[in-house]
Structures are given as structure tokens and as C-alpha cells.
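For the sequence shown, the working numbering assigns the number 1 to the initial residue and increments by one for each residue that follows.
Derived from the structure by calculation, the hints contain no laboratory data. Just so you know, not all the hints are guaranteed correct.
Distance condition first, Cα-Cα at most 16 Å in a straight line; then the derived EDC-like pairs of lysine to aspartate or glutamate [stated by the list, open to error]: (1) 698 - 782; (2) 698 - 766; (3) 179 - 197; (4) 639 - 611; (5) 738 - 725; (6) 639 - 650; (7) 413 - 504; (8) 825 - 766; (9) 825 - 768; (10) 658 - 616; (11) 413 - 401; (12) 306 - 176; (13) 218 - 191; (14) 306 - 321; (15) 462 - 401; (16) 728 - 739; (17) 188 - 202; (18) 306 - 401; (19) 698 - 671; (20) 658 - 739; (21) 179 - 191; (22) 728 - 650; (23) 179 - 140.
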Amino acid sequence: MSHDLPLARDGAHHDARLARAARLEAARGELREASARGEGGRHAMRQYSHRMDALIQQLYADAGPLTQSVAVFALGGYGRRELCLHSDVDVLILFAGTIGRDDERFLHAFLNPLWDLGLTIGHHVREVAEGGGLESDNSEFLLALTDARPVVGDATLLDEFLDAANLPRTHARTLDALKGLIAERHAKFNDTLYQLEPDVKDSPGGLRDLFGAHTIAKLTDPALLANGGAGPRAMDDAEEFLLRVRSVLHLDTGRHHNVLSHELQERVAERLGYTGATPSQRVERLMGDYFRHARVIDRSLRFALKAAPAPIGENLVRGADGIRFVDAREASERPETWLGAFQAALDAACPVSDDALGTIGQNAGRFAAEAFFPSAGHRDALLRFLRLRPGLYARLSEMHECGLLGQMFPEFKAINCRVVRDFYHKYTVDEHTLLTIRNLERLLDHPPRDRERFARLLSELKASELLVLSLIYHDVGKWTDEDHTLESARMAHQMFDRLALSDEQRAEVDFLVREHIRMSLVAFRRDTEDPEIVRQFAQFIGVEERLKMLCLMTLADVEAVSRETLTPWKEELLWRLYVDTYNHLTLTYGDEVIDREQSQHSALLAQLPPDLSADEVSAFLEGLPRRYMQLFSHEAVYKHVRLARDLAPDAVQAWLDKVDSGWELTVLTHDRPFLFSNISGVLSSYGMDILRGFAFTKPNGLIVDLFHFTDDERFLELNAEGEAELLKTLGEVVLGQKEIAATLRGREQGAFRRKLPGFAPVVHCDNDSSRRYTIVEIVAEDALGLLYRVSRAMSDSGCDVDLVLIATEGRRAIDVFHLTRDGRKLTLEEQADVTTNLQRVLEGRS
């Protein structure tokens with residue numbers, strides 16, 4: 001008896017297949033008869049689609065049992081209940097959860113019988129969760145979803161799927177995809193509907209255009225086609241006509257054929273009941289009706305493409321003027337939805353319309369900050385909005401202009417149109433703040449080659465929204481004349497509570513706001529070649545992510561001061577500090593400096609040219625600080641060794657090198673009074689802008705000085721003998737054969753300078769930041785020969801200049817000197833003496 005069971009099952013399956021085939025053939029027979037009578041329009045196709053629904057419902061039941069919720073949805077023409085005789089049957093099969101082996105068995109049991117019936121099944125199988133990653137490049141699938149209707153199973157799964165896909169955003173992508181497909185399809189027909197052998201489905205004015213117009217209305221404004229185009233009744237008549245023509249084409253060709261070719265036109269005219277004395281007359285009347293209906297569809301589609309606003313979100317559409325509210329009155333009472341308009345504009349890369357900005361501007365003052373973020377979801381949406389991406393600066397500017405930014409962040413209102421009169425910043429504080437965000441945004445899209453390194457940092461950030469939030473708050477404390485960094489941090493804490501930031505988020509933003517000027521101070525005013533400076537800075541920063549954010553914040557902040565502030569030289573200094581600090585944090589945590597020195601020394605000796613010995617090179621390096629090895633290439637070191645061999649006491653060896661950031665002047669000579677100041681004086685007398693100076697002194701009195709400078713007046717470029725002239729003057733001044741002070745005075749008297757209010761110079765001594773040097777920082781009004789005068793005053797006080805860092809911020813010169821006296825740091829008494837001398841020079845009393 002057990003041997004009979006498989007035979008019984010096979011028989012049952014065979015009977016079921018025969019029954020299904022009979023049901024399908026009966027449904028097709030009805031449609032064939034209607035098509036043969038010329039009545040294969042909407043009613044006949046709906047009947048056929050209804051019969052297909054019943055077949056699929058039966059197969060769904062037979063394919064069970066189910067291990068989870070599953071639903072089948074009709075798509076495309078089948079979804080619209082306009083299934084033609086040989087059309088594809090498009091379906092979406094949705095699973096509530098992850099598809100397992102039992103679910104795959106269900107799929108085979110469901111789909112195989114459909115294929116056995118000879119149907120062309122276009123099937124999409126998805127899990128509900130996949131809606132969140134709905135592919136934007138599958139345009140046909142996105143469009144098919146607009147006509148989806150439930151056939152069998154849990155109908156709520158489609159809503160869950162589309163919710164996961166963020167329905168309004170999906171609609172926008174769908175609309176863009178539809179427009180692209182229409183343009184592409186029309187191009188294949190030379191963009192004209194007047195085809196003598198038209199494709200009733202794909203040609204301009206065909207069924208696809210009609211469905212396209214309806215889809216545009218569905219996604220944007222259901223009443224759209226009632227307000228323009230050819231009108232609903234004319235479109236209905238056109239659709240009925242084309243469906244009847246198409247049904248005849250499928251019937252008489254026995255396949256999925258939609259071209260109304262010359263040889264088929266007579267047959268179609270006959271089946272549709274056209275009269276005339278000759279076949280040609282009947283065809284002419286048929287084609288005349290075709291073109292009239294095609295024009296109706298074409299006119300309606302063109303109107304829809306032109307007039308339809310794009311759906312973006314709740315109460316939001318995208319019109320020609322940008323994002324606007326569908327119902328401005330409703331929007332005016334719901335401030336928690338306003339951010340959605342700017343998010344939609346950000347997503348769509350378009351502005352918020354003037355009407356929407358006007359609605360917000362008229363009502364923003366009615367609401368406290370808490371009204372914009374009433375729930376955790378709204379607060380999370382704000383942080384998502386602040387993630388750095390193209391267009392963020394423009395949207396934040398719109399929010400600022402309409403008053404929304406200041407209402408959301410009341411602390412920001414304190415710097416609205418705030419002017420800080422320091423002759424350094426070029427913009428109001430609020431505009432400066434927004435420009436910092438624009439500067440970072442520009443790193444996202446094809447940055448200049450020299451900015452690609454910073455762009456990589458930006459791409460590596462885990463939470464760019466915290467960097468943007470920090471930038472918004474970094475200068476809010478400038479409403480007062482006190483320390484703005486501390487005040488900005490204090491004001492930021494008020495925002496922390498409103499947004500319910502996590503402890504980690506609070507700590508990050510607090511650090512960035514409170515310390516946002518620290519990296520620029522270290523990069524531009526400290527000897528970053530000193531491993532101790534880098535070690536201290538790395539210890540202060542602590543982690544790589546914070547270093548990346550502070551580096552980017554510094555870049556954006558300095559550049560937003562004015563277009564001239566962030567010079568290529570400063571940018572390079574900032575990058576070097578980042579790299580050295582990053583290496584210190586991630587490599588050997590302190591031992592790296594010593595290892596690097598040893599490896600560099602070994603590499604130097606390993607590549608010796610034939611005319612140099614290891615002993616000679618090692619003897620030359622003895623007594624030089626480790627940063628000497630970091631500043632000079634191997635070839636430069638070899639050159640120094642050769643020149644130092646027989647350097648006479650009264651000899652000066654000097655040469656110029658063109659580098660990316662400007663020029664380098666290297667000087668080898670024996671120590672003598674006022675050497676550093678004389679060199680800087682010569683450079684200033686030729687109009688050079690000194691960026692940084694290094695002084696290396698060997699125990700035997702040999703001096704190696706290195707100056708980085710720019711030639712903004714292009715003296716060296718425009719004068720063929722310029723280099724030789726400068727070096728000749730340098731030698732004469734260093735050897736005491738020429739006085740440079742008079743030359744500088746004459747140049748300064750001849751220079752034109754705007755008369756602006758001055759400010760008192762500041763001299764500050766720091767004996768803690770460096771283990772080897774006393775650091776003296778001078779902030780004074782920039783002037784020609786300033787470096788010459790102050791370095792000479794230091795020499796008058798018995799100090800040796802080992803390093804000077806020069807920065808210019810507007811009219812302020814910020815010169816940072818690393819000094820020693822007799823090879824040691826300065827005592828308090830010596831610091832007081834040099835401070836007095838410097839103040840006298842800076843105030844013009846000597």
C-alpha cells in the first residue's frame with residue numbers, strides 16, 4: 001500500500017496542473033473573444049486580471065505551510081488590473097523576516113506552477129527590512145511599486161516595506177527615475193508621437209506615457225491632471241482606445257507585440273469596426289483616431305512633467321522654487337516639522353522656497369527652543385541633519401536668515417551681526433561661523449590636490465555632526481570681551497541639556513569648543529620640530545578621532561577669518577603637526593622620536609658619497625639638535641659638511657632654494673653678534689615675508705641658519721640677478737661691511753600703510769612648554785623690519801635665538817622665539833630684562 005502513495009500524489013499533482021491550465025485557458029478564451037470583437041479594453045482586462053488573482057491565490061494556498069508572514073502583490077500593468085493577453089505577470093513576494101530554507105521551498109512551490117503554465121513571471125522577492133536599502137538604480141522596480149496592490153497574504157507587509165524605505169524619499173527617487181526613463185524612451189522615437197508604425201505602448205503618446213502622467217499625479221498631487229492637460233475624460237477615452245488596439249495586436253500575433261505595423265493596421269481597423277469603401281480608408285480613420293488620442297496623452301504628460309511638485313516629506317513638496325509647504329497654515333503651528341524642510345532640501349540638493357522661509361520667519365519667534373525637538377526622534381533628526389555633506393552650509397544659511405537657527409540655538413543669537421573690531425577678522429562673527437562649515441564642506445567634492453589629505457581625514461570621521469555642532473558654538477562666547485573660548489563652552493552646556501546629548505557627545509563638543517584655538521597656537525607659535533612639544537600636545541589630545549576633528553576645525557576656522565589668513569605655509573605647518581601627533585598617538589607613544597633619530601642617522605651614513613667619511617659626518621652632527629635631521633635632506637647635510645671643512649672665520653656661505661611654499665635661505669658661518677637679526681633685516685629690506693627661522697649652533701661656534709620666506713613682491717622672479725644681489729648684500733651685512741638699519745628705515749618710510757587704530761604690544765615669557773628653551777611670544781602691530789628689531793633686542797640682552805616662528809594675522813604680527821643663554825633657559829631676572837628691552841623697542845623708545 002505504501003508503494004501506491006507516490007503514485008497517488010503524482011496523480012493529484014497532475015490533476016491540479018490540468019485544472020489550473022483549464023482555468024487559465026478559460027480566462028484567456030474570454031479575453032480573446034472580447035479582443036476579437038474589438039472590446040478588449042479596460043473591462044475585459046480587469047476580468048482577466050481578476051482571474052489571474054484567483055489563480056495566484058490558489059497557488060499560494062497550495063504552496064504552504066508558511067513559517068512566517070508572506071504576501072504577494074501585483075505590480076505594473078497587473079497591479080493596475082490592465083493585464084493583456086501576453087503581458088508579463090509582475091509580482092512582489094514579501095517576507096516579514098529573514099528568508100530561510102522553508103521559505104525557499106515555498107517560493108519554488110509557488111512559482112514553478114506559474115512557469116509550467118507558460119506565463120512570463122516577473123518576480124521580485126524581498127524581506128521587509130530590505131526596504132531600508134531600496135535600490136535607487138532599479139528604476140523599473142521603483143516605478144512598479146507605485147501600482148502595487150495586494151493579491152494574497154498579509155497586506156500590511158507592503159506598508160512596512162515602504163515605511164522602511166522612507167516612502168516620501170522613495171517617491172522622489174521614483175519621480176526622478178520616471179523622468180529619466182521617459183526622456184530615454186522618447187529619444188528612441190526621435191521625440192515625436194507621429195510615427196506611421198507606432199508602438200502603442202512605448203511610443204510618445206502611448207500607454208507608457210499615459211501611465212507616466214498618472215504616476216506623476218499619484219506621487220505629487222492627485223488632482224494634478226484635473227487642473228490641466230487634456231482633462232480626465234479625454235485621457236480615459238485615449239486609454240480605452242489604446243488598450244483595445246493593443247489587445248488586438250496580442251491576439252493576432254499570438255505574442256507580446258505592441259507595434260501597430262502597416263500589415264496589422266488593416267486587421268486592427270476591421271476588428272475595431274472601422275468603416276470605409278476601401279481598406280486604406282479604414283486604416284486612415286484608425287490612424288487618425290490614434291494620433292488624436294496620442295496627442296491627448298502627450299499634452300497631459302507634458303503638463304504633468306512641467307507642473308507637478310515633487311513629494312518630499314510630510315506636508316512638503318518640491319516645486320520649481322525649491323521645497324515648500326503644501327499647507328502653510330498647518331506648518332505654522334507645527335515647528336517640529338520645519339527642520340524636515342531643510343533636510344528635504346539637503347537631500348534634493350535644492351533650496352527651501354522663499355514662501356516656506358517666509359512662513360518660518362513669521363512664526364519662529366513664537367516658539368521656544370524645546371518646541372523644535374519635542375522627542376528623542378526629533379533630536380536625533382537634528383544630529384542627522386548636521387552630518388557634513390554638500391549643501392549643509394547653504395541650508396544653515398537659510399535657517400539663519402529666516403531666524404530659525406537662532407530659535408533652535410538661542411545662544412547663537414548672541415553673535416547675530418556681531419562685530420569684533422580686531423582688524424584681523426573680515427566678517428561678522430555669525431558669518432565667520434557659517435563659513436567654517438562651508439570650508440569643510442568644500443573638502444567633500446573634488447578638493448584641490450593639496451587639500452586631499454584633509455579631505456581624507458573628513459571621510460574618516462565617525463561623527464561629523466559633532467564637529468559641525470562644535471563649529472556652530474565655537475565663537476558664541478564672542479558676545480563678551482572676556483575669554484570667548486570659556487564662555488562659548490559654558491553656553492554650549494545649555495544646549496547639551498536641551499538636545500539630551502550623551503556623556504560622550506557632551507565631552508567631545510565641550511573639548512572642541514573650549515580648545516578650538518589650541519592647535520593653531522601650537523602649529524603656528526611653537527617649535528613643532530621639538531619632540532617635547534609634540535609629546536605634550538599628543539598627551540593633551542589623547543585619541544586620534546579627537547585629533548582629526550580638532551585639525552579640521554582649525555583648518556576651517558583659520559580659513560574663515562579671511563581669504564588671506566590660511567597661507568600655504570600655515571596649512572603645511574598644521575598638517576605636519578597633525579602627522580607628528582598622529583604618529584605619536586598611534587605608533588610608539590614616545591619612543592618613536594628616539595628611534596627615528598637613530599634610523600635617520602644610520603640612513604645618512606649608509607648613503608655617504610665617496611668624498612665623505614662616516615667619522616666626518618658624525619663629527620659635524622655632534623652637538624646639533626635632532627630637529628636639524630628633520631629639517632634637512634641627506635644631500636643638504638652632505639653639502640653642509642663639505643662647506644664647513646675649511647670655513648674661514650670671516651667667511652659666509654649662503655644660498656637660496658625655491659620650494660613649494662616659497663623660498664629657503666641657508667647660511668653657514670661662524671657665530672657673531674646680531675647674526676640672526678642681520679639676516680632677517682636683509683630679507684626684510686628686499687620685501688621678503690619671513691615665515692619661520694631656525695638657528696643651529698655647534699659647540700665650535702659654527703652656525704647653520706635656515707629661513708623660510710615668501711617673495712610676495714616677486715623681486716627674485718622679476719630680477720635675473722636678484723638672487724646674487726640679495727646674497728651679496730647678506731654677506732656684506734653679516735661681516736659688518738654694510739649697515740642694514742638705515743636701509744630698513746628708508747624702505748619703511750617709503751612704504752604706504754593705512755592709518756588704522758593701533759593696539760598695545762604684548763610680550764609673554766614661557767619657561768614651561770619646552771624642556772630646553774625659554775619661549776618668548778610677541779604680539780605687536782606688523783611692521784617692516786619688526787623681526788630685525790626684536791631679534792636685535794634679544795641679542796642685546798645676551799640671548800641666543802635658536803628658533804623663531806612667525807605668524808601674521810591681519811595687522812598683528814605674532815613672533816615666537818625659542819631662546820637660550822649660555823646654552824640654558826633664561827632665569828626670571830633674565831626674562832624680565834629681555835621683556836623690558838623688547839617693550840622699549842616695540843613702543844618705539846629705542
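Quick rundown of the hints versus the structure:
| no. | hint | verdict |
| --- | --- | --- |
| 1 | 698 - 782 | violated (32 Å) |
| 2 | 698 - 766 | violated (25 Å) |
| 3 | 179 - 197 | violated (24 Å) |
| 4 | 639 - 611 | holds (11 Å) |
| 5 | 738 - 725 | holds (14 Å) |
| 6 | 639 - 650 | violated (19 Å) |
| 7 | 413 - 504 | violated (26 Å) |
| 8 | 825 - 766 | holds (10 Å) |
| 9 | 825 - 768 | holds (10 Å) |
| 10 | 658 - 616 | violated (29 Å) |
| 11 | 413 - 401 | holds (12 Å) |
| 12 | 306 - 176 | holds (13 Å) |
| 13 | 218 - 191 | violated (25 Å) |
| 14 | 306 - 321 | holds (13 Å) |
| 15 | 462 - 401 | violated (30 Å) |
| 16 | 728 - 739 | holds (13 Å) |
| 17 | 188 - 202 | holds (9 Å) |
| 18 | 306 - 401 | violated (30 Å) |
| 19 | 698 - 671 | holds (9 Å) |
| 20 | 658 - 739 | violated (27 Å) |
| 21 | 179 - 191 | holds (14 Å) |
| 22 | 728 - 650 | holds (14 Å) |
| 23 | 179 - 140 | holds (12 Å) |
Violated hints for the displayed structure, listed by number in ascending order: 1, 2, 3, 6, 7, 10, 13, 15, 18 and 20.
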